[in-house]
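Enquirer: Each chain, written out:
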Amino acid sequence: MSVRNYSPPWRRGVGYAALILFGLVFIGPFLIQLATSFKTDADAANNSLSLIPHPATLAAWKRIFGFTDNAGIPFGRWLTNSIIVATFITLGRVFLDSLAGYALARLRFVGRQAVFWSILAVLAVPGAVLLIPRFLVLKELTLFNSYPGMILPIIVDAAGIFLMRQFFVNIPTTMEEAARIDGAGVFRTYWSVILPMARPGLITLTILAFQGSWNEFQLFLVSTSDPKYNTLTTGLAKFSSGQLGAGTQYPLTLGAALLSTIPVAIVFFAFQRHFIGGQLTAAVKG
Amino acid sequence: MTSSVGSTTGTAGAPLVVPAVTAAPPRRRRRRGSALRRQERWAGWLFVLPALIILLVFLVIPIGLAFYVSLTRWDGLSSPFGGGAKFVGLDNYKNLITVDNLTRQNFATSIRNNFYFVLFVVPLQTALALFLAVLLNNKFLKGRSYFRTAFFFPSVTSSIATTLVFLFLFSGSGAINQLLGFVGIHGPNWTADSRGVFHQAVRVVGVDSAPGWAQHQFFNLSWWDWFSGPSVAMVVIITLVVWTTSGTFMLMFLAGLQNINDEVLEASEVDGATAWQRFRLVTLPMLRPTLILVLTLGLISTWQVFDQIYLTGNNPATITPAYLSYNQSFQNSAFGIGAAIAFMLFALIILLAALQRRLVGTGED
Numbered sequence: 000m001s002v003r004n005y006s007p008p009w010r011r012g013v014g015y016a017a018l019i020l021f022g023l024v025f026i027g028p029f030l031i032q033l034a035t036s037f038k039t040d041a042d043a044a045n046n047s048l049s050l051i052p053h054p055a056t057l058a059a060w061k062r063i064f065g066f067t068d069n070a071g072i073p074f075g076r077w078l079t080n081s082i083i084v085a086t087f088i089t090l091g092r093v094f095l096d097s098l099a100g101y102a103l104a105r106l107r108f109v110g111r112q113a114v115f116w117s118i119l120a121v122l123a124v125p126g127a128v129l130l131i132p133r134f135l136v137l138k139e140l141t142l143f144n145s146y147p148g149m150i151l152p153i154i155v156d157a158a159g160i161f162l163m164r165q166f167f168v169n170i171p172t173t174m175e176e177a178a179r180i181d182g183a184g185v186f187r188t189y190w191s192v193i194l195p196m197a198r199p200g201l202i203t204l205t206i207l208a209f210q211g212s213w214n215e216f217q218l219f220l221v222s223t224s225d226p227k228y229n230t231l232t233t234g235l236a237k238f239s240s241g242q243l244g245a246g247t248q249y250p251l252t253l254g255a256a257l258l259s260t261i262p263v264a265i266v267f268f269a270f271q272r273h274f275i276g277g278q279l280t281a282a283v284k285g
Numbered sequence: 000m001t002s003s004v005g006s007t008t009g010t011a012g013a014p015l016v017v018p019a020v021t022a023a024p025p026r027r028r029r030r031r032g033s034a035l036r037r038q039e040r041w042a043g044w045l046f047v048l049p050a051l052i053i054l055l056v057f058l059v060i061p062i063g064l065a066f067y068v069s070l071t072r073w074d075g076l077s078s079p080f081g082g083g084a085k086f087v088g089l090d091n092y093k094n095l096i097t098v099d100n101l102t103r104q105n106f107a108t109s110i111r112n113n114f115y116f117v118l119f120v121v122p123l124q125t126a127l128a129l130f131l132a133v134l135l136n137n138k139f140l141k142g143r144s145y146f147r148t149a150f151f152f153p154s155v156t157s158s159i160a161t162t163l164v165f166l167f168l169f170s171g172s173g174a175i176n177q178l179l180g181f182v183g184i185h186g187p188n189w190t191a192d193s194r195g196v197f198h199q200a201v202r203v204v205g206v207d208s209a210p211g212w213a214q215h216q217f218f219n220l221s222w223w224d225w226f227s228g229p230s231v232a233m234v235v236i237i238t239l240v241v242w243t244t245s246g247t248f249m250l251m252f253l254a255g256l257q258n259i260n261d262e263v264l265e266a267s268e269v270d271g272a273t274a275w276q277r278f279r280l281v282t283l284p285m286l287r288p289t290l291i292l293v294l295t296l297g298l299i300s301t302w303q304v305f306d307q308i309y310l311t312g313n314n315p316a317t318i319t320p321a322y323l324s325y326n327q328s329f330q331n332s333a334f335g336i337g338a339a340i341a342f343m344l345f346a347l348i349i350l351l352a353a354l355q356r357r358l359v360g361t362g363e364d
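From first to last, the protein sequence lines stand for chains A and B. Under numbering that gives the first Met the number 0, read the first sequence as residues 0 to 285, first letter to last. Under numbering that gives the first Met the number 0, read the second sequence as residues 0 to 364, first letter to last.
Take these hints with a grain of salt, some might be off.
To be verified - Taking CB as the label site, the calculated pair distances span:
no., chain 1, residue 1, chain 2, residue 2, range
1, A, Leu20, B, Glu265, 27 to 37 angstroms
2, A, Ile83, B, Asp99, 47 to 57 angstroms
3, B, Ser172, A, Thr56, 17 to 27 angstroms
4, B, Val263, A, Glu139, 51 to 61 angstroms
5, B, Pro284, A, Leu57, 51 to 61 angstroms
6, A, Asn169, B, Gln276, 50 to 60 angstroms
Everything labelled a hint here was simulated from the structure, so no lab data went into it. The beta-carbon is built from N, C-alpha and C at its ideal position, and this holds for glycine as well.
Full structure from sequences and hints, please.
Expert: Printed below as a string of structure tokens:
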């Protein structure tokens with residue numbers, strides 16, 4: 000009998016107790032968030048721990064979806080903007096990152112090492128110091144307050160290029176060579192032989208790109224000032240910054256925040272394996 | 000891996016870990032002469048060119064522009080390159096470091112705040128992530144994958160959404176204070192409380208104001224203020240960030256744990272080692288590379304904390320250099336000062352990254 004498969008009951012008990020305790024710590028806040036969105040403002044402020052709204056009301060949700068005169072927040076516009084920018088950024092990253100990743104992994108061209116090291120250097124630039132640089136360049140290119148200004152700066156990401164390079168390096172070369180012997184050129188080989196084989200890598204990249212662009216905040220904050228370009232992140236942040244201290248409208252903001260989390264949550268639960276693998280590859284190998 | 004770490008950090012920007020470079024693909028035999036080689040040569044450039052142009056135009060050049068702006072006085076309105084900004088050399092940097100004024104005081108405060116933030120978040124998130132990974136690695140527990148999902152979930156959600164939830168949980172009559180109320184503790188008004196935690200701690204032993212030596216000023220803050228510890232408001236952000244990022248680091252530890260040979264652990268168990276001895280003498284040394292990675296990523300992303308601070312507002316109890324850089328530029332129209340702060344932060348992070356390389360170097364020997 001393997002030693003490690005046996006464990007005294009008390010140790011199992013402690014193990015399960017710890018799992019459940021931390022499960023509550025990590026998921027509890029989301030449950031409170033959900034319950035709060037069905038509460039009245041007064042109930043949310045006074046019985047914030049309770050998971051049962053008393054009285055239960057749809058008032059916050061009606062305001063979020065604009066079914067009242069006092070709409071509160073332009074949720075529809077934020078959602079539309081988030082969908083637009085996340086779609087373009089995700090498509091762009093999947094296409095451009097995989098092209099560059101393939102070239103770095105497989106194509107022999109003069110300067111490949113230099114390109115490789117430059118992208119490595121870019122990867123090392125901390126995001127928080129890019130706030131002012133991004134604002135500056137968008138202003139100079141007159142892309143400030145525009146969709147292209149929200150999309151182009153992050154339509155390529157160095158981490159995604161490395162993820163794909165790593166992936167392509169690990170694909171066997173035999174298929175590629177066979178295609179070439181059959182007379183296919185570089186582009187044809189890439190499009191009809193390599194890409195179909197790279198599906199798992201592309202799925203991972205798609206998911207990470209979607210999650211990243213959906214949750215993006217800093218670029219949208221410095222690339223727009225007109226409220227009509229607010230996304231779910233900037234809209235919610237600007238709406239609540241400095242206002243939450245007043246203790247009002249918690250059901251509204253938490254409900255909207257919950258809705259903004261749902262698309263990523265669905266993708267997360269559906270493709271968890273890719274999420275985890277991708278996060279690790281991205282973190283450990285670049 | 001933008002999100003993966005940090006967002007402190009949220010997922011805070013691209014984390015600065017230097018990827019392990021895999022070996023270049025093996026040189027293939029040239030089966031089809033030089034025509035294909037020639038095609039490959041320009042195809043390679045064609046493939047990387049779009050990505051390179053984007054990174055150049057929206058990342059490399061902008062950093063250069065911002066460095067120029069850090070040498071000017073510019074209000075953000077007209078173009079800084081067409082005479083809209085007054086060139087002042089290194090004045091912005093000098094002012095931040097040498098001139099005795101409110102800006103320097105804010106800068107010093109932001110550095111103090113961020114220092115205590117890092118001091119608490121990095122060890123706490125590393126310890127929690129390691130603990131959860133070891134817990135999930137216990138093969139006799141059922142349903143582990145569900146709990147792994149639960150622990151990881153906060154890591155993938157938006158920093159804005161989770162911050163809003165935490166500000167609610169930590170509000171005056173919020174869930175945390177209600178929980179504390181059950182055990183008879185009257186909780187503080189968390190996010191509005193700017194008192195330092197260390198100050199509160201020494202109160203217990205009767206010290207409730209600065210002793211003489213601590214009244215001396217250093218960079219516009221008294222020594223008493225430097226040793227304040229994180230503010231009560233910052234404790235909320237510390238808790239939030241530990242909660243959001245532990246899941247990602249937990250996955251890294253889990254991957255590391257799975258590489259540890261079971262036989263080594265079993266052998267030590269047969270030799271009579273207790274669970275704690277096995278962990279300390281076998282597991283921990285074997286996790287060293289992962290531990291260094293997690294500490295480095297944590298250190299780099301925590302110095303960039305921004306999103307969560309933005310939501311708590313312009314509060315001296317929680318401002319950090321990244322936030323101050325934004326606030327000086329976009330709210331105070333002092334882009335030169337803001338850019339100078341950003342570049343000092345940049346230098347600090349590069350320094351930390353260099354330190355990491357040395358550490359990793361010794362870790363792999």
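Enquirer: For each hint, tell me whether it holds in the structure or not.
Expert: Hints, verified against the model:
1. At roughly 29 angstroms, the beta-carbon separation of Leu20/A and Glu265/B lies within the given 27 to 37 angstroms, and the hint holds.
2. Separation of Ile83/A from Asp99/B is about 49 angstroms and conforms to the stated range, judged on CB atoms against 47 to 57 angstroms.
3. In this structure the supplied range 17 to 27 angstroms holds for Ser172/B paired with Thr56/A, their Cβ-Cβ distance being about 19 angstroms.
4. For Val263/B paired with Glu139/A, a C-beta distance near 59 angstroms keeps the hint of 51 to 61 angstroms intact.
5. Distance hint check for Pro284/B and Leu57/A: the Cβ-Cβ separation is about 56 angstroms, which falls inside the suggested range of 51 to 61 angstroms.
6. Taken as a hint, the range 50 to 60 angstroms is violated for the pair Asn169/A and Gln276/B, whose Cβ atoms sit roughly 38 angstroms apart.
Hint check: a violation occurs at hint 6 only; the rest are consistent with the structure.
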